[in-house]
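Undergrad: In case you want the letters, here they are:
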Amino acid sequence: MIEFRDVSFAHQSGVRALDGVSLRVEAGEFVALVGENGAGKTTLVKHVTGLLKPASGSVLVDGVDTREASTAQLSRKVGVAFQNPDHQLFSETVEEEMSFALRNFGFPPELVRDRVSWGLELFGLGEYRKSSPLILSGGEKKRLTLACILAWDPQVVILDEPTVGQDAIQKEKLAGTIQMLKSAGKTVVVVSHDIEFLWPIQPRVVVMKGGRVVGDGPATAIMQDRDLLGSARVAQPQLVEFYQELHRRPGTPFVHPLDAARWAEEAMRP
Amino acid sequence: MMWLSGGFIFRRGDSFYHRLDPRAKLLNSVLMFVTTLLARSIFEMVLVIVFMVGLSAAATVLKRVARTMAFTALFSGFIFVVNVLFTRDLETSVLYAIRFIAIVVSTSIFFITTSPDELEQVMKMFRLPRDVVFAFVTAVRFIPVMMLDTIQIMDAQKSRGLELEKGNLIRRVRNMIPILIPLVVNSVVRSGELAEAMEARAYGAVPRPTSLLVYRARRADVGVVCAAVALFAIAAYSFYFVVPVRFP
Chain A
1 MIEFRDVSFA
11 HQSGVRALDG
21 VSLRVEAGEF
31 VALVGENGAG
41 KTTLVKHVTG
51 LLKPASGSVL
61 VDGVDTREAS
71 TAQLSRKVGV
81 AFQNPDHQLF
91 SETVEEEMSF
101 ALRNFGFPPE
111 LVRDRVSWGL
121 ELFGLGEYRK
131 SSPLILSGGE
141 KKRLTLACIL
151 AWDPQVVILD
161 EPTVGQDAIQ
171 KEKLAGTIQM
181 LKSAGKTVVV
191 VSHDIEFLWP
201 IQPRVVVMKG
211 GRVVGDGPAT
221 AIMQDRDLLG
231 SARVAQPQLV
241 EFYQELHRRP
251 GTPFVHPLDA
261 ARWAEEAMRP
Chain B
271 MMWLSGGFIF
281 RRGDSFYHRL
291 DPRAKLLNSV
301 LMFVTTLLAR
311 SIFEMVLVIV
321 FMVGLSAAAT
331 VLKRVARTMA
341 FTALFSGFIF
351 VVNVLFTRDL
361 ETSVLYAIRF
371 IAIVVSTSIF
381 FITTSPDELE
391 QVMKMFRLPR
401 DVVFAFVTAV
411 RFIPVMMLDT
421 IQIMDAQKSR
431 GLELEKGNLI
441 RRVRNMIPIL
451 IPLVVNSVVR
461 SGELAEAMEA
471 RAYGAVPRPT
481 SLLVYRARRA
491 DVGVVCAAVA
501 LFAIAAYSFY
511 FVVPVRFP
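Order-wise, the sequence lines are chains A and B. The first sequence begins at 1 in our numbering and counts up one residue at a time. The second sequence begins at 271 in our numbering and counts up one residue at a time.
Please keep in mind that the hints were generated in silico from the structure rather than gathered at the bench. Among the clues, some could well be false.
The calculated label-pair distances, taken between Cβ atoms and stated as ranges, are [as the list claims (entries may be wrong)]: (1) A:Asp153 x B:Ala336: 48 to 54 Å; (2) A:Lys173 x B:Ala467: 29 to 35 Å; (3) A:His11 x B:Tyr485: 30 to 36 Å; (4) A:Ala235 x B:Arg460: 29 to 35 Å; (5) B:Ser481 x A:Ser22: 52 to 58 Å; (6) A:Gln179 x B:Ala343: 55 to 61 Å.
The list that follows gives simulated cross-link-like pairs (lysine-lysine, DSSO-like), each with its CA atoms no further than 27 Å apart [stated by the list, open to error]: (7) A:Lys77 x A:Lys173; (8) A:Lys182 x A:Lys77; (9) A:Lys130 x A:Lys171; (10) B:Lys436 x A:Lys53; (11) B:Lys436 x A:Lys77; (12) B:Lys394 x A:Lys53; (13) A:Lys130 x A:Lys173.
Backbone N, C-alpha and C define an ideal beta-carbon position, used for all residues, glycine too.
Kindly generate the complete structure, drawing on both the sequences and the hints.
TA: This is how it looks when you write it as structure tokens:
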């Protein structure tokens, strides 16, 4: 679905943001991009929608080279919810905001109405339908941007720091939405520093550092690699640390970090 | 637009010119500016430009200044054509065209080598009201931030199918609405937050706050200013006492 072939990119300032990145994300996969600030995660994401074009190498989205297509064409397949919702909200009402992309893509009016209603209900924003998006709280704005993306049903959904400003309940709902997208066969890419949020969803984890991919594998394997995560300045999930601590003791009953998670959940149950 | 704005935005550097006393840099730019207005022959104007190009090279900003000059040359071309049409005097037209480039470069060198902090100190030395100084310096400091905001907003809207380059003039202007509204709203919100953060850190608590930086003129400052004064003196002398030699 998405393929990076030896992609390098430098910003105008000369800072090398991507350095020979090769990565393949299959259709229906759930991938988390983690790494320190400035590791190149957002730059990588911007290459998928053609907002940035590689200086060398190539990026293919559903077989289409991003250099051959406009951002509008690529966005029909790839929806990106950027980190700061204030960078996109401008309409008079929440429903107009949601319909913006649908109108840009030429959806018929009745479908636009249906999609808007569906998105607002899904993210609990129905009561704000006629309100200005600018008066929403930070968390609500974030949900609105996500609803805006899902409204046009892209094949790939990219979420840049989706948990910033979200409370525990909203994070749970977001995790549920990601599960729903996975079940619907969507390709989901999440850029996040929130390891505790990612751990229970068990994505494929791609670790970035200095514009390079330094680790790639299932969450259970990557999250146990303390040295790898440490080098990329990523903290381990608390449950994995807990498991590793217990595992050092002789006669431990745990053979897998998820055992520790289950044990902890049972132990904490009233 | 980026080219022109790039010619006036400060970027940190470590050249001798960057390290000069900001008062010396300001005085140098003002002298250059006035000298370009006084210069009445192409030779004098070229001399001023050579001096400024030399300073730019010493300040390691020659590439940026050259880009600004190239961009300004477009407007200079227009000035040249209009002057040729109305005055029918080729030499004066060339002089005006070069003068425009020289004026832009003289101010550009000051702004790209002087940090907002230094600018603030210079303005304070002229005893301008603190609020006015702060408003001006903050506006300068936030230009790159707003440019970054604009790029991020454009990215976000393009990702929602907005095509800025499509359609006729009216459509293109309308397409700017999704860019301008978030930009203005963000700026207003940011200014409110900044005001609150400043007040939380005792802004306005005393009428004359103390200063972190204290400037003293050094040899390099005096040297650059002397060179600028010499050029200015030549131009002033020539302006008042010498009848310009004109090509037949």
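Undergrad: Give a verdict on every hint.
TA: Taking the hints in turn, this is what the structure says about them:
The supplied range of 48 to 54 Å is met by Asp153 (chain A) and Ala336 (chain B), whose beta-carbon atoms lie about 49 Å from each other. Range check, Lys173 (chain A) to Ala467 (chain B): about 32 Å between beta-carbon atoms, so the 29 to 35 Å window is met. For the pair His11 (chain A) and Tyr485 (chain B), the beta carbons lie near 34 Å from each other, so the given range of 30 to 36 Å is met. Hint check: Ala235 (chain A) to Arg460 (chain B), Cβ distance near 30 Å, so the stated range 29 to 35 Å holds.
Hint check: Ser481 (chain B) to Ser22 (chain A), Cβ distance near 53 Å, so the stated range 52 to 58 Å holds. Taking the beta carbon of each, Gln179 (chain A) and Ala343 (chain B) are about 59 Å apart, inside 55 to 61 Å as hinted. Note on Lys77 (chain A) and Lys173 (chain A): the hinted pairing holds, with a Cα-Cα distance of about 24 Å set against a maximum of 27 Å. Distance check on the hinted pair: Lys182 (chain A) and Lys77 (chain A) sit about 16 Å apart at the alpha-carbon level, within 27 Å; holds.
Among the hinted pairs, Lys130 (chain A) with Lys171 (chain A) is consistent with the structure: their alpha-carbon atoms are about 25 Å apart, no more than 27 Å. For the proposed pair Lys436 (chain B) and Lys53 (chain A), the alpha carbon gap of about 20 Å is at most 27 Å, so the pair holds. A distance of roughly 20 Å separates the Cα atoms of Lys436 (chain B) and Lys77 (chain A); the hinted pair therefore holds under the 27 Å criterion. At roughly 45 Å between alpha-carbon atoms, Lys394 (chain B) and Lys53 (chain A) are farther apart than 27 Å, so this suggested pair is violated.
Proximity of Lys130 (chain A) to Lys173 (chain A) is assessed by CA-CA distance (about 23 Å); at most 27 Å being required, the pair is judged to hold.
Violation of the numbered hints given earlier is confined to hint 12; every other hint is satisfied by the structure.
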